Structure formats: structure tokens, C-alpha cells
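We have chain Z; now place chain G onto it with these hints.
2 protein chains.
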Amino acid sequence: MPKAPKTAITPTRAENYPEWYQQVVKAADLAENSDVRGCMVIKPWGYAIWENIQRQLDAMFKATGHENAYFPLFIPMSFLEKEAEHVEGFAKECAVVTHHRLEPDGQGGLQPAPSAKLEEPLIVRPTSETIIGATFARWVQSYRDLPILINQWANVVRWELRTRMFLRTTEFLWQEGHTVHASEDEALAETRQMLEVYAEFAEGVMAMPVIKGEKTAGERFPGAVATYSIEALMQDRKALQAGTSHFLGQNFAKAQEIKFQNVDGELQFAWTTSWGVSTRLVGGLIMTHSDDDGLVLPPKLAPAQVVILPVYRNDEERANVMPYCETLKEELASQQYAFETVRVRIDDRDLRGGDKRWQWIKRGVPLIMEIGPRDIADDKVFVKRRDIEGKGEAIPRDEVVGTVANRLAEIQQALFDRAVALRNEATVEIDSLEEFEEYFAERAPGGLAHCHFVDSPTMEAKLKELKCTVRCVPLDAQTESGKCIFTGEASERRGVFARAY
Amino acid sequence: MPKAPKTAITPTRAENYPEWYQQVVKAADLAENSDVRGCMVIKPWGYAIWENIQRQLDAMFKATGHENAYFPLFIPMSFLEKEAEHVEGFAKECAVVTHHRLEPDGQGGLQPAPSAKLEEPLIVRPTSETIIGATFARWVQSYRDLPILINQWANVVRWELRTRMFLRTTEFLWQEGHTVHASEDEALAETRQMLEVYAEFAEGVMAMPVIKGEKTAGERFPGAVATYSIEALMQDRKALQAGTSHFLGQNFAKAQEIKFQNVDGELQFAWTTSWGVSTRLVGGLIMTHSDDDGLVLPPKLAPAQVVILPVYRNDEERANVMPYCETLKEELASQQYAFETVRVRIDDRDLRGGDKRWQWIKRGVPLIMEIGPRDIADDKVFVKRRDIEGKGEAIPRDEVVGTVANRLAEIQQALFDRAVALRNEATVEIDSLEEFEEYFAERAPGGLAHCHFVDSPTMEAKLKELKCTVRCVPLDAQTESGKCIFTGEASERRGVFARAY
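These protein sequences, in sequence, are chains Z and G.
Each residue of the first sequence is one higher than the last, beginning at 2 in this note's numbering.
Each residue of the second sequence is one higher than the last, beginning at 2 in this note's numbering.
Same shape as in the complex, but just chain Z (with noise of 0.2 Å):
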């Protein structure tokens, strides 16, 4: 048997997917675990993703007429209560705070101080609805208040009890949408438009093909009438729910009495929604581009788009090299992509060549240039891109300069294709169980499978046993007759089913 090429990530995706998921998130210095159970540390080159996620979302509801605001990070015990599926579904897994101050233990110690106990326990928010909608109670009087349309980037914290980086932590940060309307027609478009932001957001920004689609009733945020999703596959063929967007209906409305006089007068429960993404759009990114050498990002995410290294071997050399890499980066970085300069480093810390090249391919940068003496005789650049094979090619400087927002284009569009084509590939129709029993038995790939169902208890049942999960019913799928392959009910539209994050 062939020995397999070295890779720089061991294992490999073949080998342990899970752990080989650690290990890019390891080797490209991403995040880490922290001193606090299921908190990450999230460090510098994975913050800045973050930062650019933050950047271009933002950017997208701010255009679509949303401002920010900040509200608490407590929420008063008491507000959980008065939404019945609300607490339903956030009361067990909910950071608690009963105190106030710390005292001296008398063992050298320290513990909280029995004098300072709250009358009221408070929560670190899980999500926000209950604080944001008894706030938006009032500011609203008249349909003359309405729409409000407030999105919030916070800290949130729910109690996991098995963690992993990025995908599901105690803490996570996010953006939460929150708005209020007069009708419900309004709400549901808006809760449709959000979801038509995050689409675009994943696919156009991510490379990261995604179906948007209505949640089942089992799947619905607590207190929610329709949830609806963006749903991602991973290369493991695992489904990931990559944001959400909740009409809530008049549920939260008529918990925190958001009211308004309409304009006949008359006082009614207000239409609100919420929508949100999170960190986990950063999990999201890595296992759909990331191969076997580590991360691998889209240009529009990358914290630096280009990393140009400086080859020399000694002073003479190094005085003729660091003036034409200087020069480079500043063309590089006056060139304009995606509406925004190009983001260029060069990176001249006294390491070997081979060990900083090693390490920007783990960290994913798209386009690594390297120049040497010889390259600047020729007037070339030898350009590495992070997404194709090989050790890359010798183009002539003003190409590069030129060409430069065109090859990071390509890469983005070559990712997103990448990604497409596997999904394609690992996209059934099924019509019978015995089918879809083979095609999520334990050590089949699986994939995602489009199936008739009617929602029951044999499905839950079923579903259950393969762990196997329905993501949604996608809002493109087509009306066309057929029958649940669990139960053979009649049904109206197929569901995407998979194993899931």
C-alpha cells in the first residue's frame, strides 16, 4: 500500500473527523479551551473572523434598516416564567446568580456572602426576548412606534453539558435581532428577510452553500409559532443549523405586554420576531473548507487575505528583499476587493521559511507570496493558493499587483463551487425507509436526504434510532404528492433529513 502523503494536521479528516476538527482549530491558533468548563478562549486569528463576520453582517442589517442597541445581561429570574414554552426550554441549562458579594470564608477562603443573597435570582441570558420585549413594551404606544427593528451583539450563556469549540459552548457570542410590528403579515416578512440576509450572508461571505427552510414543531425555538433556518453540510456529511429566525407571533408580545393603539384607535398585542447567528458560524466555516493541511478561508473572511514572506539568507540579502516586499504589500493593499483594500502582512519574524509557510497554510490564508533574491532578479512573485494543490507558480509582479482582486475572487467562488459540488453529492431523494434506513445505518456516509414525512411520534421514534435529525422543510421544495416513508401518510412536500451538529 502507498504511504499517504504527510499532512499537517494529524489526524486527518479520513482518519477521525472530530478530532481532526480540534486539531485545525488547534494548528490555526483559533481558540482554545479556558479555565472555565465549556468556555473558550477565542484568540486573536479566530477573533478576527469574528470581526469580519461581525463587520459584514452588520453592515447587511444596518442596510436593511436596523440599528443597535445594548440591553442587560441579567435577566430577572421571574420574566423566565411568563412565557411557558420560554421557560420550558432555557430554565435547565441557565447560569444562575444568587449573590452579590464575596466574603472570607474563615478557611482562607473565600464564599458567597449570606448577607448579600438576591431577593430575586437573576439568569445570564440565554437569549434575550423576555428582557428586550418587557423594554419594547415601553416604547411602544401607537402603530406610529411601529416597526422597531433592534439587533443586539452580546455575550449569551447556556449550560451545555458536552461542548466543543466554536460548535456549542457554555458561552458564545452573537447577534440577536429583535423587532416588533403591527401586523402579522409585517413580522413574517421581516422573519423572512432575515433569513434571506443570513442566506446571503453564508453563501455570498461564507462560500458556504446553505437551504433555507421551516423548521418542524419540535424543532422550534421555545415560545416561537415558526422557525425557520439555514442549514449547512459539513464535509463529514453532518448537517449543521447555521442561524435562525423565529416569527414569535403574539406569544411574547402578550407575555410582556407589548401593546399599541392601532389606527383605529383600538389597543392590540403587537407581531415580533427574532433572529440570530452566532460563533458557530466560525465552526461552520472551518469544516466546510478545511482540509487535511488545516484551514483553509474564503478571502472575504480572512483576517489577512495575503501574507507575503520575505526569503533571504543574510544581511545583504535581506536589504535588497524587505524594500520589494514593502513596496508589494503597499500595492497589494491599495487594490480594492469585495468593496473593501486588500488586507496584506508581511511576515519577517526570524523563524525558517519552511515553519512560517507551514503555519499560514494551517491558518488559511489565501494567497501566500514568497520572494528571494532570485525572484526579484526575474520580477517575479512566486504566488501559493491556499485552496489548490501544489507548491504554486512564478507570476510576473505587476500581475500580481494587478491581478490580485481577481485571484482572491476566484478563490471565494472556487470554495463556494467546492462546496456545492459535495453537497450535490451527498444529496438523496429517498422514498422508502428501507432506503433511508441504509442510507443512515451506522456506518453509512449518509448525506442529506429529501423524504416525505408527516411529523408523529413513529417518525420521532425512528429518527431517534438512527440519530439521524429533520433539518427543515426547504421553502423551495416543490408541492408534489406523495407519502411519509414512516408512517405513509399522505404528504404535500419532502423534508431534509440528516445526522447533525
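It should be emphasised that the hints constitute simulated quantities derived from the structure, not laboratory data.
If you're wondering where the values come from, they're calculated on a predicted model, not measured in any experiment.
Check each hint, because a few of them may be wrong.
Note that identical chains are pooled: a pair holds if it fits in a single copy or bridges any two copies.
[Stated by the list, open to error] Okay, derived cross-link-like pairs now, EDC-like style, lysine to aspartate or glutamate, Cα gap no bigger than 16 Å in a straight line: (1) Lys465 to Glu267; (2) Lys118 to Glu161; (3) Lys463 to Glu438; (4) Lys330 to Glu400; (5) Lys385 to Asp294; (6) Lys93 to Asp106.
Leaving out everything else, chain G in the frame of chain Z:
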């Protein structure tokens, strides 16, 4: 007695300064109290100011080599215990998480689940030296890993008994820089550099003059070797500490075991710094520039630098006025001021013209432009500068566009100059205790008093009696022989004394 002119804010500054402050916060729609004791809701206009602060400060941090990262919200209780002064400083006012689940209390409500009590309580971070220090200890092995230059944008919680919006709240937003260095000199240089960055930002962006100085021992950050601050003077002649930069020596390195191998291969403790500014800056901004008509914003921080108010009486006039306003908006928005494009809004809400104008005056927009059919006929725009009295003036349209950047720059400068003048007027040198007591007597206006002093219990007692504080020893204070006004001891430099927030 002549009747005082009607003002938008009641009471006026002269009548009741603290209440005036609250009313400006309300009238400018900056923030409001929330349902959680001591926590505020930052409303869109207030948050947009904070976003402008963040964006510009962040660029300064990055320009000085810092990278952003994110660390856990929670700090294990035992971490606080490791630095004796630090625990003393923060244990008395912190939110303590003791449980990770709620359960029904049997009476229709909820309670922290006894079975979900944490083995070790967690503190909601009041500041992050301990948890970040523990992380840095893992990152640093050799002198080659240094310096580490990290910043974090985050929320923090300090359980304050008496709160006031922006100035002192239980939860607040801030940035905290944390750096690690191989030498004392380098750490000191970093501490001073960040103080400079804060001063540059305060004066250049907020138009708020500040004194850079070192805090006395009693006013140091808990655990610091030296604390530096920028101190501003508010219109009521009370000082506001607006930012701090701490030289932590090896205290936290020892508590958290941040060690490295130096060039000679010896293991030694590192030197660390930390520095921060918070949403308190918004409070300082309000109290530096605002007047009895509400908020006054320096252009560099205004969410909208120009608001255009179309004026029309019927649909016909509207059809004439609106396109003119739209075109003007686009042309203004394509102008550059302070390295950004000019921020312009049109307010076409269905409200009385006077109400709208007052709303934007109260919100502090630097330039309000009104345009009606007659202005259009003259090809003029009616321009009102927020920072100066009077109704405004009609200016030829082309001139308005061509000079908007200059006009904003003028306003920015005028606000700074006015604040400097006020501070100069309220600054004195005092050389005797009698004079000092008179200057800070209960009904005296007070201000900034530069006095010779030697820190002592006598001084502390006198300051407490007068409700006065020592702010700092200015870095630019000249060496001059003098005598402590409290004890008569020899002193080499003057410190600054003031009542303070």
C-alpha cells in the same frame, strides 16, 4: 426679574446639574433604566455613539500593534483569591453564579435547583486580569513569545449600590487591554503609550481636554504597582476619571505564574500591564459639551453629522422638496471628514417641523439643514450649527456642500476650545489649607486645584471632610519645591485636587 429663556431641558444646568444630566440622557434618547437593578438599556442613539467610540479607538489600538481576542465572562472564585489586593478590591461588589439550572419551586414559580449547585462559584468578570493572566501563562514560554499585546471589547459587572446612567452602572461595556513584556521598562513604556492613546482620543475625537497623571497609592487599581489616568473636568467643575492604564509590575505574573525563559535561558516572571475605558466616556461626553437644550455632539462621534429636514405644506411642495434633499444628501455624504464619509440623514417623518427640529437639537446633531420651497428657489440651504446660539443662516447650496467638512472641523475645534477655556477658568494653584478649604467649601463652585501634597492620613481625613479627592500627579508637573498644604512636609510636585464623579 426677567424671565429665563425657555430651554428644552428642565431643569437647567444652573438649577440642578445632576437632574439636568438625567434629563439630557432621556431627551437625547441615549439610554434608560432597565428592569434589572443598576443595569441600563443603551438605546440606538446612545449605542451608535459607543460604536463610533469603539471604531476609532479600535483603529488606534491596532495601529499600536494590539490584536483583539475574547476571554470567558466567568472567573472561578479561586482565581480572585490569588492576588490579595485584587480580591480586596473586587470581592465586595461582584455577581456570583452558584447554580446552573432552575427548577419549579412547587408554588408555580422557579428556584435555583439544589442539585445543580456549582462545586466552585463563578464570578461574573469585574475585570479580567486573573482569567487572562492564567491564559497568558499558557501562551508564554520564551522571550520570543513576548510581547503579547491583546485587547478585549466586553461587558463587565461590578455590583454598585448607587448607579447613574453611563457614569456608574452595575453592568457596563468597556475595552480592557492586557499585555505581557519581558522587561520592566517595556511594560512601563506600554503603560504610558496607552495613556497617550487615551489622551489623544479624548482630546482629538471627544473634544474633551484631559490631564494625564499618576494616581496616588490609595487610588491605584487593586494589584497595580502604578496607575495612570486621564482626568477631565465637567461643566459642574467636578472631575471625571475617563481612562486608566496600569503598570502591574510582576504582581499578576506571580499570581498567575506567567514565566518565560529569557535570552540567557533563565526562567523569570514577566511584566504585565492593563488599561481600559468604558461606556463612562459617554457620560463624560455629555457633561463636557451639552447645554440647556440637550446633547451637543462633537462631529467625530455624532451618529449623524448632518440631519436634513424637508419643509413642505402639501404633496406638490413635497414633490419639489424631496428630490432636492435627496440629491443634497448624496453630495454631502460623498464628502470626507476625518477620514470617513460625512454621515447624513433625511428626517421625513410625518411630524411638525418644530418638533422635529427640537428632537435633533436635543440629540446633539452638529448641523441641522432645513429646506423648503423658498430655499430651493434661492438655491440656498438654511443651516443651524448646534454648538452656537441663534437660528442659523441661509447659505448657498454649493457652498454648503463644499464647506461641510470644514464646518464640521470648526465645530469639533470650537467644542474643544470651549472646554479648554472652561477648564482654565476653573483651575487654580493653591498654597494654603485655608484657601483650599474655601475653594472646596460646600457651596463654593470648586474646580481643579493644583497643590503641593504628601499623601498621609491627615490629608485623607481632610479630603473626606471636604468631599474632595486627589485626582493625580500630572505627568507634565514641573519639579518645584513646596510644602504639603495639609501637613507642611516638603513636596516636589503639585497634584490635582477636585470633587469627582
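Status of the hints after comparison with the structure:
Taking CA atoms no more than 16 Å apart as the test, Lys465 paired with Glu267 passes in neither setting, with 48 Å inside one copy and 58 Å between copies. In the homo-oligomer, the alpha carbons of Lys118 and Glu161 lie at most 16 Å apart only across protomers (15 Å), although the nearest pairing inside one protomer, at 26 Å, exceeds that limit. Proximity of Lys463 and Glu438 under a CA criterion of 16 Å is satisfied intra-copy only: 9 Å inside one chain copy versus 83 Å between copies. Taking the closest pair of Cα atoms, Lys330 and Glu400 come within 16 Å of each other only inside a single copy of the chain (14 Å); across copies the shortest separation is 39 Å, beyond that limit.
In this homomeric assembly, Lys385 and Asp294 come within 16 Å of each other (Cα to Cα) only inside a single copy, at 14 Å, whereas the closest approach across copies is 61 Å. In this assembly of identical chains, the alpha carbons of Lys93 and Asp106 lie at most 16 Å apart only when taken from different copies (13 Å versus 29 Å within one copy).
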